[in-house]
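Novice: Listed here are the chains, written in short residue letters.
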Amino acid sequence: MSAGEILGRACSRCGLFVFASNDYPSLIRGGNNVFTLVVSDTPVLSLSSKTDLLVALDEKSVELHKKELSENHFLISGEILDKSKEFGELSRNMVAVGAVFGLLNLDFGVLSGIIGEHFAGKPFLDVNVKAAKAGFDSSKPEFEFKVKKSKQLFLSGNHSLALGAIKAGMKFAAIYPITPINPMLEYLAAKSLSCGFVVEVPEDEISGILMALGASHCGVRSMVATSGAGFSLMVESLALAGMTETPIVIFYGQRAGPATGMPTKTEQSDLLFVRSAGHGEFARIVVAPGDVEECFDVSVRAFQLAEKFQLPVIVLTDKYLNECFQTVSSLKSDVKVQRESFAVPKPGFKRYVFAVDGISPRSVPGQQDGVFDANSDEHDEFGFSSDNSVNRVKMVEKRFKKLDLLRKELPKPILHGNENAKIIIVSWGSTKGPILSALEKFSDVSFLQLQYLVPFPDISGFIKGKKVVVIENNKTGQLARLIREFCLIEPLLFNKFDGYQFTVDELVGVLDGIR
Amino acid sequence: MESGDYLCGTPTWCPGCGNFSIRIALSQALAELNLLPKDVLLVADVGCGGNENNWFKTYVFHSLHGRSLPLALGARIANPKLTVIAQAGDGGAYGEGLNHLLHACRINVPVVYLVHNNQLYSLTAGQASPTTDVSSKTVSTPAGVSEMPVNPIALAISAGASFVARGFSGDIVHLKELLKKAILHRGFALVDVLQPCITLNKVNTFDWYKQRIYKLDKPERDRISALKFAFDADKLPIGVLLEETRAVPVFDLSKEADVSVLMKEFS
Chain G
1 MSAGEILGRA CSRCGLFVFA SNDYPSLIRG GNNVFTLVVS DTPVLSLSSK TDLLVALDEK
61 SVELHKKELS ENHFLISGEI LDKSKEFGEL SRNMVAVGAV FGLLNLDFGV LSGIIGEHFA
121 GKPFLDVNVK AAKAGFDSSK PEFEFKVKKS KQLFLSGNHS LALGAIKAGM KFAAIYPITP
181 INPMLEYLAA KSLSCGFVVE VPEDEISGIL MALGASHCGV RSMVATSGAG FSLMVESLAL
241 AGMTETPIVI FYGQRAGPAT GMPTKTEQSD LLFVRSAGHG EFARIVVAPG DVEECFDVSV
301 RAFQLAEKFQ LPVIVLTDKY LNECFQTVSS LKSDVKVQRE SFAVPKPGFK RYVFAVDGIS
361 PRSVPGQQDG VFDANSDEHD EFGFSSDNSV NRVKMVEKRF KKLDLLRKEL PKPILHGNEN
421 AKIIIVSWGS TKGPILSALE KFSDVSFLQL QYLVPFPDIS GFIKGKKVVV IENNKTGQLA
481 RLIREFCLIE PLLFNKFDGY QFTVDELVGV LDGIR
Chain L
1 MESGDYLCGT PTWCPGCGNF SIRIALSQAL AELNLLPKDV LLVADVGCGG NENNWFKTYV
61 FHSLHGRSLP LALGARIANP KLTVIAQAGD GGAYGEGLNH LLHACRINVP VVYLVHNNQL
121 YSLTAGQASP TTDVSSKTVS TPAGVSEMPV NPIALAISAG ASFVARGFSG DIVHLKELLK
181 KAILHRGFAL VDVLQPCITL NKVNTFDWYK QRIYKLDKPE RDRISALKFA FDADKLPIGV
241 LLEETRAVPV FDLSKEADVS VLMKEFS
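These protein sequence lines map, in sequence, to chains G and L. Here the first sequence is numbered in our numbering, starting from 1 and rising by one per residue. Here the second sequence is numbered in our numbering, starting from 1 and rising by one per residue.
For reference, chain G alone in the conformation it holds in the complex:
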């Protein structure tokens, strides 16, 4: 937990709403590392373009961030932070955290409690509490918040996704380290023993997805988590999952590509990649949660859908959402967690029976009378290899038949704002927060948020007769292309691909321009 995270959690525990995001280079030490927090007594969904309070751990940082400062800003640097000399250089950030807490006029007891939890059992606990207190005492209260005490959580997208996986009964995760899903790997690894699941760090992502498929074949809910570079290695086995109808959940945190790109910056440039990745044609689900709260429900549902429909589910997030922290009142999902689509096999069992709904109940190794061939070759109802054309057509149709029921069960797109608005923004994933913040200024613009993107939902009823504006974080307008393909309209596209999320000001500017 970084100093910024300690501060955010402390503010959140005081009853405030916090939205926080980090920005760092791909380095272990040094470079310009920024942790930005927006703290308010009303819910916060996005970053702010102006900084009211800057903590600069060195002089260079003051220069770098000068242009972002608001007119009446506060600066915590040099002299105040030098109080840390008394406690050792490493406590510099704790002095800063204490100083901010004092300025914000919050209860120091809450902050010291969180520092205590974080450093519990470690020798530098006392020093850090003292450093924070010194910082706290050095600043005078400047802010006034209406604080109401209510239980709430402060966590990142990675944590929310991981909690959803655990809630869904995930038992096997194979994760090769990569930004931005490392915190998910670390959290799951830390909880694996006490919660009874396996976290394997494989030799590469090729192996990772195969291990997960092997585990899934044995009936346990399995996942991988990765980013573009790792998913590229998984693609051949994505097709294997499709062909053998083996459930798997793939958590995919996008970052700025191509290739190594800007590995610690955000982007939404892999929607069309995941939509068609893998050789051959097979059914899949791609879902993009919009914020930390949605990550939980999407994650739980991903496991349920993967198992019920026996297909890969790709949970598509991005660096911004994976690593941002948000105050949420609670994490909820209305998904009923239950085992689905398993067989009670009898002699002559057909694993890939031509089921009416396309979902053929599966057996698992160890089950009497259930033996079958999970075959990467095209196969007959038992799983044995077959290149018979009649069987081929029926089997392909069976695998796609599932989509009929799936379409009925998938949650619908979410419409935010005035349904009679003449202008409708259509977007997906982490742009949700900035768009909703921008929309506070416009009563005549609505926002259609697409969570479930593959299979593509029917949005004709939402967009009919409206000016459609697509906002997304990539160069080529990938959602815009899907809308063109499925809705046969030409939407207005506003995109960016500089490695950063849209700011609210940028979006307000866009909307002002088209009205």
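Heads up, a few of these hints could be off.
Stated by the list, open to error - Computed list of lysine-lysine pairs in DSS-like fashion (alpha-carbon distance at most 27 Å, straight line): (1) L:264 x G:122; (2) L:218 x G:308; (3) G:336 x G:398; (4) G:332 x L:255; (5) G:336 x L:264; (6) L:235 x L:137; (7) L:137 x L:181.
Treat the hints as calculated values from the structure; they're not laboratory data.
Following the hints, put chain L in place on chain G, whose structure we already have.
Specialist: Below, chain L without anything else, positioned relative to chain G:
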């Protein structure tokens, strides 16, 4: 159990192919160990040997080329009661999937890796594989192979495998006994099976192997002495080259997580 209890269908391999012997040896080993077909998971690769996925009446997963091993590890971790046997040819095991082999040796999850090593890509009609001998002329190497062949036995010993064995498809009884030992071994077991490709390999013929093969009485005591056998240039020792007791990773999936407790840690 009878060996026929594990088998079904009619293999389409070339008459006289070593794959028939390997299939018989494996089914006999399973029968003699009295393992129920429902408790056996066979993970097949792609290639001539990989086609066996259709001719076994156990649980089978026919994986992708070079990708049988990691899938087998995941399955065995998820269900430790299973006997999991991954199979591959020399292309899949020592070319496309070599990385997986080295790491399986390290991880030591109890899976048997049965490699059909005929020193050629046979299903694609005779291209040189990673184990084709130097100077062999094949359809892909008209001037003769110039690369050093992969030495799978030496690699597995060096990578920390706890069980390394070599068999010969021409000796079913010996191979069956090797496979029984491999299945009973607590940890990862590589069984490299020398196998003449009677249709396409005109160099490493049945007679060629017969002249070079001899049986080891017992495993070597340590890796260095096992390596000496692995690097024998003139002869091909078959049998268990190395067997070692090593810790096996233990996974407990039985606990249920209480997410509400976990959530409180984020308050």
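Novice: Against this structure, judge whether each hint is valid.
Specialist: Status of the hints after comparison with the structure:
1. L:264 x G:122: At roughly 22 Å apart (the allowed maximum being 27 Å), residue 122 of chain G and residue 264 of chain L satisfy the hint.
2. L:218 x G:308: Since the Cα atoms of residue 218 of chain L and residue 308 of chain G sit roughly 51 Å apart, the hinted pair is violated (cutoff 27 Å).
3. G:336 x G:398: Holds - the C-alpha atoms of residue 398 of chain G and residue 336 of chain G are around 26 Å apart, at most 27 Å.
4. G:332 x L:255: Holds, at roughly 22 Å.
5. G:336 x L:264: holds, 21 Å
6. L:235 x L:137: Answer holds: residue 235 of chain L to residue 137 of chain L is near 22 Å, not above 27 Å.
7. L:137 x L:181: Violated, because 36 Å separates the two Cα atoms, which is more than 27 Å.
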